[in-house]
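2 protein chains.
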Amino acid sequence: MRLTSYTNYALRILMYCALHPDKLVRVQDISQAYGISRAHLLKATRQLGQLGYLENVRGRTGGIRLGKSPEAIIVGDVVRHTEELDEFVECFNDSKNTCPLIGVCKLSVLFAAGLKAFFAELDKVTLADLVSHPAALLSRLDGETVE
Amino acid sequence: MRLTSYTNYALRILMYCALHPDKLVRVQDISQAYGISRAHLLKATRQLGQLGYLENVRGRTGGIRLGKSPEAIIVGDVVRHTEELDEFVECFNDSKNTCPLIGVCKLSVLFAAGLKAFFAELDKVTLADLVSHPAALLSRLDGETVE
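Note that the protein sequences, when read in sequence, are chains A and B.
The opening residue of the first sequence carries number 712 in this note's numbering; numbering runs sequentially from there.
The opening residue of the second sequence carries number 712 in this note's numbering; numbering runs sequentially from there.
It is worth saying that the hints were derived from the structure and are not from the lab.
Quick caveat, the model's predicted, so the values are computed rather than measured.
Treat the hints with caution; some may be incorrect.
Derived DEER-like restraints, expressed as beta-carbon distance ranges [to be verified]:
hint, chain 1, residue 1, chain 2, residue 2, range
1, A, Ala831, B, Glu782, 25 to 31 Å
2, A, Ala831, B, Val815, 51 to 57 Å
3, B, Glu782, A, Asn767, 23 to 29 Å
4, A, Ala783, B, Lys754, 27 to 33 Å
5, A, Pro845, B, Asn767, 54 to 60 Å
6, A, Ala847, B, Lys827, 21 to 27 Å
7, B, Glu782, A, Ala750, 49 to 55 Å
8, B, His792, A, Gly854, 37 to 43 Å
9, B, Ser742, A, Asn767, 35 to 41 Å
10, B, Lys779, A, Arg757, 48 to 54 Å
11, B, Glu795, A, Lys734, 36 to 42 Å
12, B, Arg737, A, Ala783, 37 to 43 Å
13, B, Gly760, A, Ala847, 44 to 50 Å
14, A, Lys779, B, Ala824, 19 to 25 Å
Think about it this way: if two alpha-carbon atoms lie no more than 25 Å apart in a straight line, the pair counts; the simulated DSS-like pairs of lysine-lysine are [unchecked claim]:
hint, chain 1, residue 1, chain 2, residue 2
15, A, Lys817, A, Lys807
16, A, Lys835, B, Lys754
17, A, Lys734, A, Lys754
18, B, Lys734, A, Lys817
19, A, Lys817, B, Lys779
20, A, Lys817, B, Lys835
21, B, Lys734, A, Lys827
22, B, Lys807, B, Lys734
23, B, Lys779, B, Lys817
24, A, Lys827, B, Lys807
We put the beta carbon where it would ideally sit given N, CA and C, even for glycine.
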C-alpha cells in the first residue's frame, strides 16, 4: 500500500509552482530542483493542466503556473484525481475481481470507509498550507535564502 | 495506491479458517475455494503463523487453524503487519528518500495522519465481524448451504 510516484510528483510540481508564484516555471527547473526526470514530470504536468490545477503557457518563453489559487487547491482532491482508487483492492472493480466473495464480504465496505477517513484528513489541507513556510522549502529547492 | 495482493490473501485465509472452525484446513482447500495459487498462499500462511494468527499442525492429517479467537483478531492489526507502511511514500523512509524537502515538508505529516485515520476505521472491525453472516460466505466458498 503505497502512494504512486505519479501522485508524489504531482504534489511536488504544485508545491514548486506555489513557491514560485511570480514566474512561469519550466519543467526543466522542477526536474533539476527535485532530481526527477523530465519525462516523469511531463505526464503529471499534462494531467494537472487538464484538471485546471496548472496553466500552460506555450512558446519559447512559456512555462507553467498555478491555474487556481493555492488556497483553492485541496490536497485530497488532487490525490483523488491522480490515484486510481477503484484499483485499491480488486473487489472495488467488478471487471477485475477474482474473489468469489464479492458482494457478500464486508471487507470492501470496510476499505471504502478507511479510504474515506484517509481522504477526510487530506481534505483539511490546501496547497497554501503546504507552502506556508516558504523560506525553508525554497532553500532546499533553489539553494536560496529568502528574507 | 492499492492494497497488496499479499494482504488481500492474508485476510481471505483468515476468513476461510474462521468459517471452518472445526477442522484443520489445508492450504489446498483455500487455494481451490478462492482460485489463488498455493504458492501465493503459502508465504502469507507462514507469516500469519509467525504472528500467532494461525496455528500450523504438521503431518499427513495436519493443516492450519486460527491461533486466536476471531473476536481477538483486529483487521487493522493484520493489515499493519502485512503492509509495509514505511514504504507508503518515499519520505517515510530516510534510506530511500530522494526528495530534497524531507524534514521541512508537511506532506509526510499529512499522509501519516491520513493513514492513522484509515487504520482507525480498520481497527473497529474484527475477523468475527467479517464472518458474522457465514451462510452467504460459505455458499460462495464451498458451494454449500448452511442451515
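Mind listing which of the numbered hints don't hold for this structure, in increasing order?
2, 3, 4, 9, 12, 16, 21, 22, 23 and 24
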